[in-house]
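Chemist: This is what each chain is made of:
Protein chains: 2
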Amino acid sequence: MSKYTLGIDYGTQSGRAVLVEVETGNIVAQSVKDYTHGVMDEYLPDGITKLEPDWALEHPADYIEVLKTTIPDVLKEAGVDKNDVIGMAVDFTACTMLPVDKQGEPLCYMDEYKANPHSYVKLWKHHAAQPEANKLNMIAKQRGETFLKRYGGKISSEWFFPKIMQILNEAPEIYEATDRFIEATDWICLKLTGKERRNSCTAGYKAIWSKKEGYPSKDFFRALDPRLENVVDEKLSADIYSIGQKAGEVTDEMAELTGLNPGTAVAVSNVDAHVAVPAVGITESGKMLMIIGTSTCHMLLGAEEKYVPGICGVVEDGIISGYMGYEAGQSCVGDLFAWFIENCLPFAYKDDAVKQNIGIHEYLRKKAQMLKVGESGLIALDWWNGNRSILVDADLTGLLLGCNLQTKPEEIYRALIEATAYGTNMIIETFEKNGIPVNELYACGGIADKDEMMMQIYSDVTNREIYISASNQTVALGAAMFGAVAAGKINGGYDSIVEASRKMAKLKEKHYTPIPSNVRIYKKLYEEYKLLHDYYKRGANDVMKRLKKIKSDVL
Amino acid sequence: MSKYTLGIDYGTQSGRAVLVEVETGNIVAQSVKDYTHGVMDEYLPDGITKLEPDWALEHPADYIEVLKTTIPDVLKEAGVDKNDVIGMAVDFTACTMLPVDKQGEPLCYMDEYKANPHSYVKLWKHHAAQPEANKLNMIAKQRGETFLKRYGGKISSEWFFPKIMQILNEAPEIYEATDRFIEATDWICLKLTGKERRNSCTAGYKAIWSKKEGYPSKDFFRALDPRLENVVDEKLSADIYSIGQKAGEVTDEMAELTGLNPGTAVAVSNVDAHVAVPAVGITESGKMLMIIGTSTCHMLLGAEEKYVPGICGVVEDGIISGYMGYEAGQSCVGDLFAWFIENCLPFAYKDDAVKQNIGIHEYLRKKAQMLKVGESGLIALDWWNGNRSILVDADLTGLLLGCNLQTKPEEIYRALIEATAYGTNMIIETFEKNGIPVNELYACGGIADKDEMMMQIYSDVTNREIYISASNQTVALGAAMFGAVAAGKINGGYDSIVEASRKMAKLKEKHYTPIPSNVRIYKKLYEEYKLLHDYYKRGANDVMKRLKKIKSDVL
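Residue numbers (this note's numbering), protein chains in the order written: chain A, 12 to 566; chain B, 12 to 566.
Honestly, the hints are just simulated from the structure, not real lab data.
A portion of the hints provided could be inaccurate.
Note that the list lumps identical chains together, so a pair holds whenever it fits in one copy or between two copies.
What the hints assert, rightly or not - Here are the computed lysine-lysine pairs in the DSS-like style, where the Cα-Cα straight-line distance is at most 30 Å: (1) K378 <-> K556; (2) K535 <-> K548; (3) K61 <-> K383; (4) K61 <-> K160; (5) K298 <-> K560; (6) K519 <-> K559; (7) K560 <-> K548; (8) K223 <-> K366; (9) K165 <-> K79; (10) K377 <-> K556; (11) K246 <-> K229; (12) K548 <-> K534; (13) K562 <-> K541; (14) K535 <-> K136; (15) K461 <-> K206; (16) K317 <-> K93.
Can you build the whole structure from these sequences, using the hints too?
Modeler: Here you go:
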């Protein structure tokens with residue numbers, strides 16, 4: 012009799028359950044639930060309380076609805092008996108965090124706080140804590156805090172402490188009433204098992220925690236704000252659980268809600284990008300995964316801790332136990348191509364694509380892949396949404412150079428794709444320059460799945476083999492794998508994520524190999540990209556920042 | 012009884028006649044004839060003989076057809092008696108030149124040469140003589156030839172001697188058979204009057220002649236090629252006639268062909284951009300005319316000869332007798348906006364414009380003029396077709412900087428318009444830095460006539476008043492004015508172009524005045540343009556040239 016494991020993947024707009032056969036990694040059923048309240052960036056659920064710009068909240072009740080809806084769905088769809096479901100795990104966007112009371116109930120559930128925006132879940136893309144992040148970075152730099160090095164030199168406004176600082180500054184009554192601030196992924200685990208099991212991944216990547224050094228010192232927090240001196244003791248938990256551990260078991264109450272057996276093993280929660288790594292079969296160093304969507308996350312295992320400037324973070328046991336987990340990112344990939352289609356695609360092309368009855372990306376690819384490398388004479392800087400790695404500068408903007416009167420839309424489209432490939436290559440180079448080898452590339456996500464031209468360009472630009480995930484739900488599959496590990500071999504699962512990965516991860520047969528004649532020309536083009544990259548980064552010509560300043564002055 | 016004068020304007024695709032009332036400058040009739048052979052850039056008229064890339068030829072018989080068709084047309088349309096037509100003049104594109112025999116017959120008329128491409132008219136935009144121009148510039152520089160200074164430091168491949176050199180190199184038999192090489196504008200005058208009257212304008216701007224120094228020396232020509240030592244004596248004429256002089260009178264044969272009276276006064280021929288200057292009322296220094304079309308010509312009178320780097324040329328008596336005539340240019344203006352519409356306009360906009368039943372430029376302008384100065388955060392370098400003035404470098408390419416995911420098509424459109432304004436301002440600055448004041452701007456051409464937003468941007472960027480020609484046929488009107496001067500006061504015309512200009516030139520009432528708040532922001536943006544301009548011009552980062560090299564290597 013087959014055994015099954017559940018992966019619950021909490022995205023930005025919806026949650027998804029996949030039911031996976033433990034032996035093979037095959038997904039036998041899946042179900043998606045859109046969040047009832049969606050992303051709240053204009054009003055609270057009351058429809059009256061207006062949010063400031065850059066806010067992005069969610070409602071924790073929506074997350075429980077996902078469990079209640081999708082788990083019964085997949086059991087029913089697959090016709091699988093709950094006795095054959097041996098484990099489950101959750102992955103989530105991060106840092107997505109909320110304030111809860113002593114019982115673990117969100118403050119926004121309570122009448123006295125529900126009109127206060129700070130009582131809700133702050134979504135990863137809540138960007139309103141930038142002043143707090145700036146202050147944190149300034150003070151950390153002044154004090155020579157060593158933790159900065161683990162995060163490429165900068166703490167993001169998206170992360171845990173800037174978000175707490177914003178609550179303290181703007182709603183001290185919420186800060187006061189909060190028993191604990193918790194990552195949403197850990198909160199789901201708490202709800203499922205009744206146990207708070209903070210995971211090493213979000214603690215490490217988002218909350219400035221490390222296995223060796225723990226959280227920043229009380230001195231540091233006092234320097235930020237005297238009221239924060241004991242924030243860790245008072246509002247967090249210093250008990251951190253490793254990725255791959257079992258967190259506990261499904262409670263009776265949650266068994267009732269989900270249709271699972273009480274006692275089903277639940278893994279320590281995790282983050283979406285991070286669970287994808289074993290799901291493509293990466294369990295050792297030297298292999299970098301690109302999760303390509305609107306933006307791209309780069310995940311990489313390393314044997315040693317090295318400080319790499321401009322990356323998002325390095326966390327021991329952050330991805331796979333026993334390895335240093337490195338993360339980097341590009342803030343604008345799929346979004347850039349969507350921008351192009353929306354704003355720059357000429358009428359005749361759209362018209363023609365409709366006549367040929369093919370999608371517009373496919374139509375453009377057909378034209379773009381006829382071009383020889385270097386033929387367009389174009390080069391772009393892929394900074395339409397700033398630069399996450401390795402410049403960590405949201406104020407940089409996009410550039411297109413080399414246009415003439417013969418320049419065609421497909422040439423611009425291809426130049427934008429190439430620019431994102433150069434951006435990835437810059438990240439790879441930076442890792443390698445700092446002692447972290449990157450030998451092979453892996454990719455997952457819709458673009459990696461569909462866009463063969465782009466993957467070949469990435470292979471040619473990086474001069475590396477690229478392997479593609481065979482699953483179109485790589486992330487949720489990764490979560491399910493951790494569920495199987497939580498169950499353990501004794502219950503029909505696996506004793507380690509490495510073992511689970513070997514059995515359950517699959518790659519497409521088609522992979523991408525660099526074409527030497529293309530590699531040669533892309534080497535030259537990449538040198539031009541680097542020259543422009545270095546010219547426009549802080550210092551030589553800050554035109555992009557000055558234009559932003561002029562813009563904000565006139566608006 | 013009113014008197015009339017004829018202006019014949021030979022453009023790239025067609026020739027136009029206007030019949031103008033001498034007293035008022037009112038155009039009473041006009042007629043256009045498309046050239047039967049058009050621009051020949053693929054095949055000779057035989058449809059077999061293939062032309063190389065960058066070639067552009069015309070057929071001289073087409074020019075005669077223009078006279079034969081349009082002159083009777085306008086006489087008939089206006090109901091004007093030929094006895095009331097007192098004079099005429101021709102303007103032409105330049106350098107547009109052809110080889111003729113002793114009788115002034117084009118070699119391409121002859122059976123033995125008509126299959127040879129070099130026997131036809133080489134149009135101004137025939138760009139295949141670049142190797143010859145490079146050689147000429149190199150040798151002139153090595154020898155320290157002083158004439159280079161008059162042309163901003165460089166002789167263009169479009170001009171007279173590079174074109175002759177190409178004929179000598181590739182078709183020595185045509186060179187041998189040629190009695191004279193002649194500008195098409197002078198050839199029409201020769202045909203009309205039977206007299207060769209080479210004009211000081213094309214001799215000066217295109218054939219390296221100056222009133223003080225004449226043509227380059229025999230030594231110089233020998234250094235180019237021993238066969239060219241006596242090119243001036245053997246293949247040209249050193250008799251140069253000033254703009255504004257009378258060339259002769261319409262011959263009996265041409266009177267027959269055109270329906271004019273024999274003996275009608277014909278002016279020394281001229282060039283399209285140059286005749287436009289008095290047609291907007293400019294007859295003194297300090298006033299710059301911009302003739303805005305696919306590209307822009309900048310015409311300016313100066314009291315003294317100064318050497319201005321990067322301009323097209325300075326010629327004594329080249330525009331108006333008694334003044335130094337300065338010419339500069341931007342190689343891509345209307346063409347740039349046309350490129351944008353063709354290649355970058357999203358389908359939703361086109362769709363919407365059609366629904367609103369307005370032109371697409373008008374639709375975009377409506378959106379673009381809602382933007383505040385500096386709001387888009389964009390800046391562009393207007394080098395989609397290289398840079399004529401002041402960098403004189405055809406290998407530079409376009410750049411757009413400052414894009415983000417919110418960037419809208421109308422913002423890009425406006426940034427391109429602004430870039431051309433910055434390019435004009437760079438030319439103005441260069442003139443002023445070198446001692447030639449530019450106090451006021453004048454504009455003519457379809458864009459100047461229609462695009463109020465663009466003209467206001469130009470006024471704000473340059474911080475100068477702009478006056479617009481009231482005529483939509485400024486160039487042809489200018490030619491007609493020279494016709495009235497050829498006739499002279501005694502025949503009902505004028506004794507000088509200054510006098511003719513005062514009577515016949517008209518400006519629109521609406522003119523453009525800089526808006527101080529815009530001027531202030533454009534000053535900042537222009538500083539950014541200059542910084543980028545200087546970074547990408549030869550030296551600091553030759554990325555544009557290297558990309559072109561890569562491109563030509565792979566094609």
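Chemist: If a hint holds in the structure, say so; if it doesn't, say that too.
Modeler: Consistency of the hints with the structure:
| no. | hint | result |
| --- | --- | --- |
| 1 | K378 <-> K556 | between (35 Å within a copy, 25 Å between copies) |
| 2 | K535 <-> K548 | both (20 Å within a copy, 20 Å between copies) |
| 3 | K61 <-> K383 | between (51 Å within a copy, 26 Å between copies) |
| 4 | K61 <-> K160 | neither (38 Å within a copy, 66 Å between copies) |
| 5 | K298 <-> K560 | neither (40 Å within a copy, 35 Å between copies) |
| 6 | K519 <-> K559 | neither (44 Å within a copy, 38 Å between copies) |
| 7 | K560 <-> K548 | both (16 Å within a copy, 26 Å between copies) |
| 8 | K223 <-> K366 | neither (61 Å within a copy, 65 Å between copies) |
| 9 | K165 <-> K79 | neither (39 Å within a copy, 77 Å between copies) |
| 10 | K377 <-> K556 | between (37 Å within a copy, 28 Å between copies) |
| 11 | K246 <-> K229 | within (13 Å within a copy, 92 Å between copies) |
| 12 | K548 <-> K534 | both (21 Å within a copy, 24 Å between copies) |
| 13 | K562 <-> K541 | both (27 Å within a copy, 19 Å between copies) |
| 14 | K535 <-> K136 | neither (36 Å within a copy, 33 Å between copies) |
| 15 | K461 <-> K206 | neither (41 Å within a copy, 72 Å between copies) |
| 16 | K317 <-> K93 | neither (45 Å within a copy, 92 Å between copies) |
Taken one by one, the earlier hints fail for this structure at numbers 4, 5, 6, 8, 9, 14, 15 and 16, listed in ascending order.
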